[in-house]
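Read off the chains here:
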Amino acid sequence: MNLAILLLIVLFSTSCFFFGRKKIINITAANKIRMNALPDYYGYYLALWCAIPAVLILAFWTVFEPTIIKAFIINNITSSNLKEFNSDELNLIYQQIKALYLGNFTGTLSEEIRRGAENYKSFLSIAEGSKIVILISIVIVTTLYSYKKLINNNKAREDVEKIFKAVLFTCSLVAILTTIGIIFSLLFESIKFFTTINIFDFLFGTSWSPQRAFVRDASTITPEEYNELKDAFGSVPLFAGTAFIAFIAMIVAVPIGLFSGIYLAEYASKKVRKYSKPIIEILAGIPTVVYGFFAALTVGPFFREFGERFGLEVSSESALAAGLVMGVMIIPYVSSLSDDVINAVPQSLRDGSYAVGATKSETIKKVVIPAALPGIVGSVLLAVSRAIGETMIVVMAAGLAARLTINPLESTTTITTQIVMILIGDQEFDSPKTQSAFALGLTLFFATLILNYIALRFVKKYREKYE
Amino acid sequence: MTNNKVKIKTEKLNVFYGQKQALKNVNLEIYNREVTALIGPSGCGKSTYIRCINRMNDVIETCKISGSIKIDGQEINNKQIDVVRLRERIGMVFQKPNPFPKSIYDNVAYGPQIHGLADHKDKLDQIVQTSLKKSALWEEVKDRLDEPGTSLSGGQQQRLCIARAISVNPEVILMDEPCSALDPIATAKIEELMEELKKTFTIVIVTHSMAQAVRVSQRTGFFHLGNLIEVDTTDKMFKNPNNKMTQDYITGRFG
Numbered sequence: 000m001n002l003a004i005l006l007l008i009v010l011f012s013t014s015c016f017f018f019g020r021k022k023i024i025n026i027t028a029a030n031k032i033r034m035n036a037l038p039d040y041y042g043y044y045l046a047l048w049c050a051i052p053a054v055l056i057l058a059f060w061t062v063f064e065p066t067i068i069k070a071f072i073i074n075n076i077t078s079s080n081l082k083e084f085n086s087d088e089l090n091l092i093y094q095q096i097k098a099l100y101l102g103n104f105t106g107t108l109s110e111e112i113r114r115g116a117e118n119y120k121s122f123l124s125i126a127e128g129s130k131i132v133i134l135i136s137i138v139i140v141t142t143l144y145s146y147k148k149l150i151n152n153n154k155a156r157e158d159v160e161k162i163f164k165a166v167l168f169t170c171s172l173v174a175i176l177t178t179i180g181i182i183f184s185l186l187f188e189s190i191k192f193f194t195t196i197n198i199f200d201f202l203f204g205t206s207w208s209p210q211r212a213f214v215r216d217a218s219t220i221t222p223e224e225y226n227e228l229k230d231a232f233g234s235v236p237l238f239a240g241t242a243f244i245a246f247i248a249m250i251v252a253v254p255i256g257l258f259s260g261i262y263l264a265e266y267a268s269k270k271v272r273k274y275s276k277p278i279i280e281i282l283a284g285i286p287t288v289v290y291g292f293f294a295a296l297t298v299g300p301f302f303r304e305f306g307e308r309f310g311l312e313v314s315s316e317s318a319l320a321a322g323l324v325m326g327v328m329i330i331p332y333v334s335s336l337s338d339d340v341i342n343a344v345p346q347s348l349r350d351g352s353y354a355v356g357a358t359k360s361e362t363i364k365k366v367v368i369p370a371a372l373p374g375i376v377g378s379v380l381l382a383v384s385r386a387i388g389e390t391m392i393v394v395m396a397a398g399l400a401a402r403l404t405i406n407p408l409e410s411t412t413t414i415t416t417q418i419v420m421i422l423i424g425d426q427e428f429d430s431p432k433t434q435s436a437f438a439l440g441l442t443l444f445f446a447t448l449i450l451n452y453i454a455l456r457f458v459k460k461y462r463e464k465y466e
Numbered sequence: 000m001t002n003n004k005v006k007i008k009t010e011k012l013n014v015f016y017g018q019k020q021a022l023k024n025v026n027l028e029i030y031n032r033e034v035t036a037l038i039g040p041s042g043c044g045k046s047t048y049i050r051c052i053n054r055m056n057d058v059i060e061t062c063k064i065s066g067s068i069k070i071d072g073q074e075i076n077n078k079q080i081d082v083v084r085l086r087e088r089i090g091m092v093f094q095k096p097n098p099f100p101k102s103i104y105d106n107v108a109y110g111p112q113i114h115g116l117a118d119h120k121d122k123l124d125q126i127v128q129t130s131l132k133k134s135a136l137w138e139e140v141k142d143r144l145d146e147p148g149t150s151l152s153g154g155q156q157q158r159l160c161i162a163r164a165i166s167v168n169p170e171v172i173l174m175d176e177p178c179s180a181l182d183p184i185a186t187a188k189i190e191e192l193m194e195e196l197k198k199t200f201t202i203v204i205v206t207h208s209m210a211q212a213v214r215v216s217q218r219t220g221f222f223h224l225g226n227l228i229e230v231d232t233t234d235k236m237f238k239n240p241n242n243k244m245t246q247d248y249i250t251g252r253f254g
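From first to last, the protein sequence lines are chains C and A. Each residue of the first sequence is one higher than the last, beginning at 0 in numbering that gives the first Met the number 0. Each residue of the second sequence is one higher than the last, beginning at 0 in numbering that gives the first Met the number 0.
Please note that the accuracy of each hint is not assured.
To be verified - Dumping the calculated BS3-like pairs for lysine-lysine here, alpha-carbon to alpha-carbon at most 25 Å:
1. A/Lys-19 with C/Lys-365
2. A/Lys-19 with C/Lys-364
3. C/Lys-269 with A/Lys-122
4. C/Lys-270 with A/Lys-120
5. C/Lys-459 with A/Lys-120
6. A/Lys-198 with C/Lys-460
7. C/Lys-460 with A/Lys-122
8. C/Lys-270 with A/Lys-19
9. A/Lys-141 with C/Lys-269
10. C/Lys-364 with A/Lys-122
What the hints assert, rightly or not - These stretches of chain C come out as covered by chain A in the derived footprint (C-beta under 8 Å, 3 or more residues):
11. 364 to 374
12. 409 to 423
The set of hints was computed from the structure by calculation and includes no laboratory data. Note that this is a predicted model, so its numbers are computed, not measured. Yeah, the Cβ is synthetic: ideal placement off N, Cα and C, and Gly gets one too.
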């Protein structure tokens, strides 16, 4: 129903566009005057006036209709009954009424539910009818209003520009508000967690095993119980594991990515570049799950067998395997971006260097790379945050045991992997185990934020600005 | 002329960019410790000519050069010549000032460092100082040598580029319209500087300004559509050229 209405509005406003444009062309021709704006603007003006208010009202209506109808139904039930209901019971009744209306009700039918369903039906049809009436009148009023302004040669150009600006502003606002919303939801859940577990025990504890944390009521924990509980939520092994695997990945990705970027930008002929760049970028398009089983089934066992030959004990799920494969996955981020920034360094700088007798590699080392450094650091940063956020490869290839180790041949785990482990399956949202996922998320968020900030400062300080 | 020893001599020089011929059979002699100006309308090949002398055209993939270029009698247009050594001997200043995004000091020290001209810091300091003095920039920048070269004004940047070029003690300095991006005051300073520089260096300057050619040069060559139409002393070229085309160009009838 809503879709049909929307379609009608769009159709009508499209025809308004052509109508408005034609009208202005006619006026211009008949009166031999020059209008304030081009005919197209008048078309847009009419179309936008016709569509935007109606669509907005339709959107609001759709969002609030269920809430309002529910309020009416519940009000009906409470006023016609002598019995008192609490809010849970009322909710249940409302759900049953809805189910009955939709025809998938099971169970015993009581009189009030049957009556409620009839009410529900009539409310719905009233709402539907009034919605259509309101929308039609809105469309007519706004269209007439704008049409009147249009034939009076209103400043359509300025108004249309303003509307476009407003639309763009709204879109960026949505993005910003979403970010803020996510941060706050992380924050509130984390605060709940930190009321149970001391924040310092969480940040500096060295033992992580949330699976054995059974808490029924957070307010009745005895000190002994807490002592045991805090040992389940020490996040240090996770941060260490994350940093460790990301570090291994960067050891692989930064040199290979940067050097291939330099090759593509400085040495490769146009033809080689044209074909090899997309091929490298395919690496970034492979789903991480494919990398995951590649790491788990090929690279991991390979390292184990290789190690066994030298009498080394290598676990088949190792930080090395995960980090290595993750590094390969990240190569295109570094290579493609650094290729772009190196290409952006003006040719005049290279000429200046060649003209004093520098060789190609000297020019690259001493002039091109320093000039491109901010961009290169930026691409490495992007790669780091990709490495920290990567989950699938670690789940499959590095294991789940939270262990504090710097031996790359042992299994280890990361923050994101643990968040997945915690939230898989049925969860109670008031247990510290579930809430710890939010705390981990928040800490990770702050860690990457600080990392980005430091890197930005670094880039600002050392950037060699050309132009 | 006191110094009429030939420094650079090109014979039958032909340059192609892909299918397009940029220079046609150019025979030109450039004399030691003089300023030679190359004039001509845009696209006539004068920049191409000076880029042949320090082999900067090597950078361009599609460029093909044939003919002979001799510096002090030594042929440089062949594969055996060491381009790095050649460019150390023949400095270049570009149309747009292109200081490196480094400090003023590092800009000048760059050349001496890559050629290993200074074995310790004091020597390097000294080279930087003399180069900046020779390019008449020292007084303006001596207290801020660690500031970025890009923070200087356009004219200062161009003089910094000249300092960079002379820091490796070249024999020849090629200037490709060095003043076209500068205001008249900065231009006057560079011209004054050239007067001084020609005592030690051989200078070849490409310019669009006839007045500049008259002011700074002893000899002038006129290029048109890849041909060297006429070359003679500046005096003769501007007062009494042999060729009708030169006459037309310098009096502003075309170009």
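Going through the hints against the structure:
no., hint, result
1, A/Lys-19 with C/Lys-365, "violated, 34 Å"
2, A/Lys-19 with C/Lys-364, "violated, 34 Å"
3, C/Lys-269 with A/Lys-122, "violated, 43 Å"
4, C/Lys-270 with A/Lys-120, "violated, 45 Å"
5, C/Lys-459 with A/Lys-120, "violated, 28 Å"
6, A/Lys-198 with C/Lys-460, "violated, 42 Å"
7, C/Lys-460 with A/Lys-122, "violated, 29 Å"
8, C/Lys-270 with A/Lys-19, "holds, 22 Å"
9, A/Lys-141 with C/Lys-269, "violated, 44 Å"
10, C/Lys-364 with A/Lys-122, "holds, 24 Å"
11, 364 to 374, "holds (count 4)"
12, 409 to 423, "violated (count 0)"
Violated hints for the displayed structure, listed by number in ascending order: 1, 2, 3, 4, 5, 6, 7, 9 and 12.
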